[in-house]
Amino acid sequence: MMKVLHGDELAQALTAGFRCLERYRDPINALNVYPVPDGDTGTNMLLTMSAGVAKCAQSAGATAGQVAALVADGAFWEARGNSGVILSQFFKGIAQGLEGKEVCAGADLAQAFRAATQAAYRAVGNPVEGTMLTVIRCVAEALESRVAQDGAGDDLLALWELAFEASKEALDSTPSLLPKLQEAGVVDAGGMGIVVILGGAYHHLNGQDAAQIDLELNTAAGQIDPAQLASVSVESDFLDSSTELEWGYCTQFLIQGEGLDLEQVREDLGQQAESLVIVGDDRVIRVHVHVEDPGAALSYGVARGELSQIKIDNMTMQNQDWATGHQERGAPKSGIALVAVAPGDGLAQLFRDSGCAAVVSGGQTMNPSVAQLLNAAESSGGREVILLPNNKNVAITATQAAERENAAQNLYVIQSRTVSQGVAAALAFNAQVSAAQNLQAMADALTAVVSIEITRSIRDTTLEGIAVAEGDYMGLVEGDLAVVKDTPEEALLSALAGVGLTDDHIVTLYRGADASQEQAEALSRRIEAQAPGVQIDLIYGGQPHYPYFASVE
Amino acid sequence: MAIRIVTDSTSDLPADLARQLDISIVASNVVIDDVNYRDGIDLTPDDFYRRLTSGGNLPTTSQPSVGAFQTAYQELLEQGHEIVSIHVSGKLSGTVNSATQAKAALGDDVPIEVIDSGLASSALGLVAVAAAQRAQEAASGREVAEPVRANLGLTTTFFSLDTLEYLQKGGRIGKAQAFVGSLLSVKPILTLLDGEVSPLERPRNHERAMRRLVELARERAPLQQLGVVYSTEADWAADLRHRLSELLPEEQIITSRFGPALGTYVGPKALGIALTSAR
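As you go down the protein sequences, you meet chains A and E in turn. All you need for my numbering is the position in the first sequence, starting with 1, plus 127. All you need for my numbering is the position in the second sequence, starting with 1, plus 16.
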């Protein structure tokens, strides 16, 4: 009988959970409630966990408490998206529960899950049941009640099995707790991520290979077909090679083009790189590789499409960063700086033009990590930094970034949930006045705009009682589905009509990568015809997946 | 014998009002294509703005000479007056230096009080007007100068520009540099803070800017003095003055025009307010 888990065993179990998450990433990504191109939950959780798991592989002989702390630290910096941030807080709680423990006994595990539950619930301002929070809480409750029984906590394998089973049961209950899941016919994606991690860990402890097992999971719409899972685990090299992390350059970039072949890119780059994380679709592929020659990887990418968001880090330096606990470095900071997240080259230019000292590429489909936001904040040079996340999936990451410890910069977050809100807030920024005055003025400014987003449905569904077919254009007003039309232009006109334009309004139209200048100009004329006298400012935004953003103020 | 107020042409005071209050105005210099013009004397505002926007060389301005101040001071001293000489912010212009040097050249004991207002344009004009009104009942220059100095903080100005292009070209953009962005058609509102041009807000169009100027005035009510100043659009100034009439009777609101000294920097279609709060 397994009475305790040693540090190495815990590291291996968590690594198995990570590998399992990697296999189930695509099915988890497919569980989006909104049929919009989105920051994928599976990918976000995977990237959040990757750095910590890689550090585990280098920490042979560490205590259980140390292993948990490594995973938590890595997850904190790499957290991205709502699910990633909650997962990072989950690991932070686990680490708090196991702090100072040489080994993990049954009671420790229950206590760790209790702490993890509390940390996860605290991570979100307004905890909602029927999400991964519920799954985490149900696991903690099941463990606590089992451990409370005399002697029942002595079998660690049985406890992990219980945790896995409890998580599956909780996951199945998520649609009945959260109507929007019911309506979309899915279980919660983040919740499934937790189930998959626990399932991978349990099966590993039970002597099975995490790369082979079928967890027999339900999505509510049906059971996941094991054939859907990644048959070859492209990231498996990542862990095997992680002892070589100090070697080479961490190279990241985005390829944008037409008819991109994701599998081919994975295969080709796999031959020259370690630590592959390559995700995307036929139009956008995000590449994260560790290579000896970043130039060769970039040349490969540029032959296939437009490159952007290029980031190259020397791994040796990165490891020094870890060693110093991510202490702030560089020149002394002064003044107050603005940093924005922007999902397109035109929008990045607009934010810089409006006074942002640094801009992070990212948005709905590309959620930046805590570390990326902090790097930008540092590069801004401000002693105080105000961050504009400009997306609801990035806002929580920004909040986590602001809560880091031992920082040389004060970081404040304006909760801008759309690009339109972000631009209004940026225009209210004034480096001559205090951070407190800016925060007030910027928060006021973003309430003065109505945000409209136009995007295309990626599947058939019913949302808030409105039937949406794949390929339809949806008009979201303040983030909620308002209209469904055949063309992006009709969707925008209809959404504007719903807002009720008067000649006193200013409409700012941000043209996405998918809309031409001619189309946008024709649309401007139609808006003018609809509301004579209204001021219309047309700006090239360059954002993917959203032909138009618009603000009305 | 009386107390007389001297200011410089950057105060943009309407000539009638200056005459009525016995305020002497020393002219700045404007150089266009190597020809020197005295602000308000050799060059009308309409001529000036036509030249400014014609695309030729930008006019340059320079402070009044020490000699110009000496002449103005001497004339008043010979009539037996004491002088309170109030000028544009020393951080924007060397005018105060010229005035101080002129005073020094006239001897140690001349009854001249030189004041750096830290202000410009109609805000400086308001301070000069208040000083002139006080001078009518005062017994000495000091009796005028002391309260003027003490109350400078009550006077302020806000102006909305059509473009920051002229401020930038003229090299006076200072801290407003951050507002230079041109992708969105903002109408930046600037103010004078510690004697320097400082950015304040970025409303999205002329109407929003106009409303914001009224709000900024309202936030500082009750007011003792209120002025409206424009560069090229007289009807905008009339509209703004009308909107401000809730704060002071319209006939008490002084309308003036950005002269060349400031016009070079604010450019066409600029509109501003100046105000003095009640204590």
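Worth flagging that the hints you see were computed from the coordinates, not collected in a lab. Any given hint could be a false lead.
[As the list claims (entries may be wrong)] Here are some of the chain A residues that sit facing chain E, going by a computed Cβ distance under 7 Å:
1) 530
2) 533
3) 554
4) 557
5) 559
6) 663
7) 665
[Said to hold, decoys possible] Computed beta-carbon distance windows for the label pairs:
8) A/645 x E/181: 39 to 47 Å
9) E/209 x A/570: 17 to 25 Å
10) E/255 x A/563: 31 to 39 Å
11) A/435 x E/234: 43 to 51 Å
12) A/435 x E/51: 51 to 59 Å
13) E/33 x A/570: 39 to 47 Å
14) A/435 x E/165: 56 to 64 Å
15) E/214 x A/530: 31 to 39 Å
16) E/126 x A/462: 43 to 51 Å
We put the CB at the ideal spot given by N, CA and C, even for glycine.
Hints, verified against the model:
no. : hint                      : verdict
1   : 530                       : violated, 28 Å
2   : 533                       : violated, 30 Å
3   : 554                       : holds, 5 Å
4   : 557                       : holds, 6 Å
5   : 559                       : holds, 5 Å
6   : 663                       : violated, 11 Å
7   : 665                       : violated, 11 Å
8   : A/645 x E/181: 39 to 47 Å : violated, 29 Å
9   : E/209 x A/570: 17 to 25 Å : holds, 23 Å
10  : E/255 x A/563: 31 to 39 Å : holds, 35 Å
11  : A/435 x E/234: 43 to 51 Å : holds, 47 Å
12  : A/435 x E/51: 51 to 59 Å  : holds, 53 Å
13  : E/33 x A/570: 39 to 47 Å  : holds, 43 Å
14  : A/435 x E/165: 56 to 64 Å : holds, 58 Å
15  : E/214 x A/530: 31 to 39 Å : holds, 33 Å
16  : E/126 x A/462: 43 to 51 Å : holds, 45 Å
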